[in-house]
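Student: Residue-level listing of the chains:
Protein chains: 2
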Amino acid sequence: MADDRSLAQRLLDGDRRALARAISLVEDDDPAGWEIVREVYPRTGQAAVAGITGAPGAGKSTLISALVRNRREAGRSVAVLSIDPTSPFTQGALLGDRIRLTEHFLDKGVFIRSMANRGALGGLSEATLQAALLMDAAGRDDVLVETVGVGQADVDVIDHADTVVLVLVPGSGDSIQALKAGIMEIPDIIVVNKADHPLAETMVREIRGVLSLAPQGGWRVPIVKTEAARGEGVDTLVEKLVEHRAHIEAEGTLSERRRRNLRNEVLALAAARLRRRLEAGLEEDPHFQTLIAEVVERRLDPATAAGRVLEREGVESA
Amino acid sequence: MADDRSLAQRLLDGDRRALARAISLVEDDDPAGWEIVREVYPRTGQAAVAGITGAPGAGKSTLISALVRNRREAGRSVAVLSIDPTSPFTQGALLGDRIRLTEHFLDKGVFIRSMANRGALGGLSEATLQAALLMDAAGRDDVLVETVGVGQADVDVIDHADTVVLVLVPGSGDSIQALKAGIMEIPDIIVVNKADHPLAETMVREIRGVLSLAPQGGWRVPIVKTEAARGEGVDTLVEKLVEHRAHIEAEGTLSERRRRNLRNEVLALAAARLRRRLEAGLEEDPHFQTLIAEVVERRLDPATAAGRVLEREGVESA
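Chains as they are written, first to last, in the working numbering: chain A, 1 to 318; chain B, 319 to 636.
No wet-lab data here; the hints were simulated from the structure.
Just to be clear, a hint being listed does not mean it is correct.
Just so you have them, the derived chain A footprint on chain B, three or more residues with Cβ under 8 Å [unchecked claim]:
(1) 347-359
(2) 372-383
Anything over 10 Å on all C-beta distances counts as not near chain B; from chain A, calculated [as the list claims (entries may be wrong)]:
(3) Gln9
(4) Arg21
(5) Asp30
(6) Arg72
(7) Ser77
(8) Ser114
(9) Gly139
(10) Ala178
(11) Arg208
(12) Ala214
(13) Gly217
(14) Gly218
(15) Gly231
(16) Gly233
(17) Ile248
(18) Ala306
Glycine residues also receive a C-beta, built at the ideal position from the N, C-alpha and C atoms.
All chains should be modelled from the sequences, with the hints used to inform the complete structure.
Tutor: Below you can see the structure in the form of structure tokens.
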């Protein structure tokens, strides 16, 4: 049966296949993908977008799976966007009896999508944002974005989340140090997963210590202990997610945060395009190869070479 | 007494104050700084540049201090460039009896300089490269660059090192996970510091496991156990640093690595300048403010807004 509705229209009507197709288009950097985002953008801004970040092995996927179950039981539709290359969501691998992602794969109220890190972080984070917007436009109540956050990494990728959840496990020494040193930004919620580990309490105390030194805003960062594989603590995490969103809405910081994120995203998109155009043009350019040879032979310094590249591109005066 | 030599000439003659001044100029993005780099660049490429990376608290500074002592005893001149905001080198703080940075501060054969992370990572990594080149041109035999590497972070900052040393301590669970997951690149040398910790051996075994899964090139990544505060293991680390450099020189990968790094640096410098010019121009631009307002009100999507910004800048056709 033919469907006369456009891809964008079907997406807005909640069609899962249309959503999947549209995401593939933006992932492939197809102009048709960007066109769809343009078309559906007025319908975005409704979903609660949470970024779930943490080192590989922290149990983010198991936690997300438990969150999805909880949200589905509350009657909400969910989309998961994973950009952690080690995630079972990304790899399509199932962890057998530990988590049952299959139950989600069969549930029409759950849309799961992963995006591979294709080297170019700029490119990936552009595509991620577009994918999250498409999920939002498709009427998903909750969008969960899974990223690998170790240290200051991926900050731009989770920039468009309303709430950032950092997942730690006993043994996340480097993340604690990075938090303590102010190199990693304080998230909105901290989860200590695998909470029955003998060192979990020590870790909670350490985190409390770090938080007590951090500048206190209106929101007191809660530490939630979970045992994601058994679903323990997930209710509390959901409560905190809801509380955080209510808090930033009441305070007016939700719109402020979104304004700042959208501004940064426009700049990042523009800069990434500029850089891509620059690199694409140079790849085959014999003049650029000559410039690099001169730099290698120490006859021309890198900054001067960069200036010549820009001159040649016509974006900098000689 | 007047000195008729130019700042660049004095730097090439090994004058410490000229080196310090020149670095300040590039740090301040002063055109005179870039001019000096241009002038002295033909004299670079002699120093052995090692990047020492690891989470805050891994003991990088103590290790560097021990390395400096070792290198000085071998009659080599050393420069340290720290871009870890938590480093005692950066903070100017001394750790009292634990490490005696003071001995280095008084030694003319040691030049120590820190650069603050000023938010714009692009800007910092540009300035870092220039500073390392200046240290090289000033005739320092060894240039040690200290960075905070957690996960994939800072990859570009240590891109211009000939040898990358990752410093881990028992408890660096996140880094191990990131290495294992292939998110963090395998360094050239791995140091397990605080080697008398009861869990040090477990950590060494874990690292061996990760390395055994990594693709094997011509260089077998050594794991060096150190107790930096007491100077233990530092001789072995120096041996491995020398071996690695000899290896990449013999193999021809030193010049290949430098070519690749210099190419990336030229591109990064060009892209960073483009972005800076873009952002600076937009800061006060009422048209940009209007665009962002439309994006916030969901009337214009971020990608289209980015395209309009580029059109207006004249770098993209409408």
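Student: Compare the structure with each hint and give your call.
Tutor: Against the structure, the hints come out as follows:
Residues of the region 347-359 of chain B with a Cβ under 8 Å from some Cβ of chain A number 4, which satisfies the need for three, so the listed coverage holds. Note: the region 372-383 of chain B has 4 residues with beta-carbon separation from chain A under 8 Å; the three-residue rule is met and the coverage holds. Residue-level check passed: A:Gln9 sits 16 Å from the nearest beta carbon of chain B, beyond 10 Å. Chain B leaves A:Arg21 outside its interface by the beta-carbon criterion, the shortest separation being 18 Å against a cut-off of 10 Å.
For A:Asp30, the shortest C-beta to C-beta distance to chain B comes to about 12 Å, beyond the 10 Å cut-off, and the non-interface label holds. Taking the minimum C-beta to C-beta distance to chain B, about 27 Å, the non-interface status of A:Arg72 holds against the 10 Å cut. Here A:Ser77 stays apart from chain B, with its beta-carbon at least about 20 Å from theirs, past the 10 Å limit. A:Ser114, annotated as away from the interface, keeps every beta carbon of chain B farther than 10 Å; the closest lies near 14 Å.
For A:Gly139, the non-interface assignment is confirmed: its Cβ lies about 15 Å from the closest Cβ of chain B, beyond the 10 Å cut-off. With a minimum CB-CB distance of about 5 Å to chain B, A:Ala178 fails to clear the 10 Å threshold, and the non-interface call is violated. Non-interface call for A:Arg208 relative to chain B: holds, since the shortest CB-CB distance, roughly 18 Å, exceeds 10 Å. At the 10 Å boundary, the C-beta of A:Ala214 stays outside the reach of chain B, the nearest C-beta of that chain being 15 Å off.
A cut-off of 10 Å between C-beta atoms confirms that A:Gly217 is not in contact with chain B; the least separation is 19 Å. Residue placement check: A:Gly218 keeps its beta carbon more than 10 Å from all beta carbons of chain B (closest about 22 Å). No beta-carbon of chain B is positioned within 10 Å of the beta-carbon of A:Gly231; the least distance is around 23 Å. The Cβ of A:Gly233 lies farther than 10 Å from every Cβ of chain B, with a closest approach of about 20 Å, so its non-interface assignment holds.
No Cβ of chain B comes within 10 Å of the Cβ of A:Ile248; the nearest lies about 15 Å off, and the non-interface call holds. A cut-off of 10 Å between C-beta atoms contradicts the statement that A:Ala306 is not in contact with chain B; the least separation is 4 Å.
Checked against the numbered hints above, the structure breaks hints 10 and 18 and satisfies the rest.
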